[in-house]
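K.L.:
Position chain B with the ligand against the provided structure of chain A, taking the given hints into account.
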Amino acid sequence: MWVYEKKLQIPVRVSAPDPRMAKYVISQYGGPEGELSAALRYLNMRYTMPTGKAKGVLTDIGTEELAHMEVVATLVYKLIDGAPIEAIKAADLGTHYADHDRSLYWVNAAGVPWVAAYVSATGDPIADLHENMAAEQKARAVYENLIHLTDDPLVKDVLRFLREREIVHFQRFGETLMDVEEYCRQKKVF
Amino acid sequence: MDNGKQAQLLLQIQQLSFMATELNLYLDTHPQDQRALAMFNQTHQELMRHVRNYEQLYGPLLGYGYSPAAQNYWKWVDSPWPWEINY
Ligand SMILES: [Fe+2]
Chain A
1 MWVYEKKLQI
11 PVRVSAPDPR
21 MAKYVISQYG
31 GPEGELSAAL
41 RYLNMRYTMP
51 TGKAKGVLTD
61 IGTEELAHME
71 VVATLVYKLI
81 DGAPIEAIKA
91 ADLGTHYADH
101 DRSLYWVNAA
111 GVPWVAAYVS
121 ATGDPIADLH
131 ENMAAEQKAR
141 AVYENLIHLT
151 DDPLVKDVLR
161 FLREREIVHF
171 QRFGETLMDV
181 EEYCRQKKVF
Chain B
1 MDNGKQAQLL
11 LQIQQLSFMA
21 TELNLYLDTH
31 PQDQRALAMF
41 NQTHQELMRH
51 VRNYEQLYGP
61 LLGYGYSPAA
71 QNYWKWVDSP
81 WPWEINY
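For the record, the sequence lines run as chains A and B.
Count the first sequence with the numbering used here and you get residues 1 to 190, in order.
Count the second sequence with the numbering used here and you get residues 1 to 87, in order.
Don't take each hint at face value.
[To be verified] Straight-line alpha carbon distances no greater than 20 Å define the calculated SDA-like cross-link-like pairs of lysine to any residue that follow: (1) A:187 to A:48; (2) A:156 to B:87; (3) A:6 to B:29.
Don't read these hints as lab results, they were simulated from the structure.
Okay, chain A solo, but in the shape it has when bound:
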């Protein structure tokens, strides 16, 4: 089970509302390389992993991704909160406002809703761990794209932290892959 902790992983601050940036950042909430995809991908894969290490890594990184989803949600919320309707229209966020007002929704930057097809699970631990390593690199790349899209140093701080975490997760998945490969080799020998 999970227990809620009434805090964000890191402080989230914005210099001023910026609905246009909110429209871009929301992709890391409900886009293909976003934090919902990441959390669900890892937590869903745990069941068919062969080793305690792999199950642990997927559980713990999957849980951290849930915390990142909350960080991204807060960032989007603060970027929209207090923005006048004229600014929302000017940022072409009217397409979001029409269906959702200022509430959050799992969409990518173009407004396309989240789908389970963003996530894969083959049941083959080697293939699945490679999938995760690729996912971490893609998420890192998207955070770098987002950093290029804002001038707000506070927003950049949050995006930089999240980008760094993808690099650490990539590293841990790489170590897990080597360990699982070793486990599979030994199983074949005996």
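P.N.:
Below, chain B with the ligand without anything else, positioned relative to chain A:
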């Protein structure tokens, strides 16, 4: 809402909690690393000390019985939520 003092205490918890998370992930793939293990245990002690102190002032940090209800009313629904705190 200005939550200056609360945000300050929360930041120390966020830093310690981040260290614990990072060590946790590292230990998942390096379970034999004695130095990391010692750092994890030390971080845990520090984190718990800060969490208990924060909860005395601002109410429970964890739901479902993992934090005491230190006040004589249900502060969980009263203290600001993570997205409402101005850092
Ligand atoms: Fe990640």
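K.L.:
Against each hint, give a clear statement of whether it holds in the structure.
P.N.:
Tested hints:
1. A:187 to A:48: Answer holds: residue 187 of chain A to residue 48 of chain A is near 16 Å, not above 20 Å.
2. A:156 to B:87: holds (16 Å)
3. A:6 to B:29: Roughly 28 Å between the alpha carbons, so the hint for residue 6 of chain A and residue 29 of chain B is violated.
Hint 3 from the earlier list is the only one contradicted by this structure; the remaining hints agree with it.
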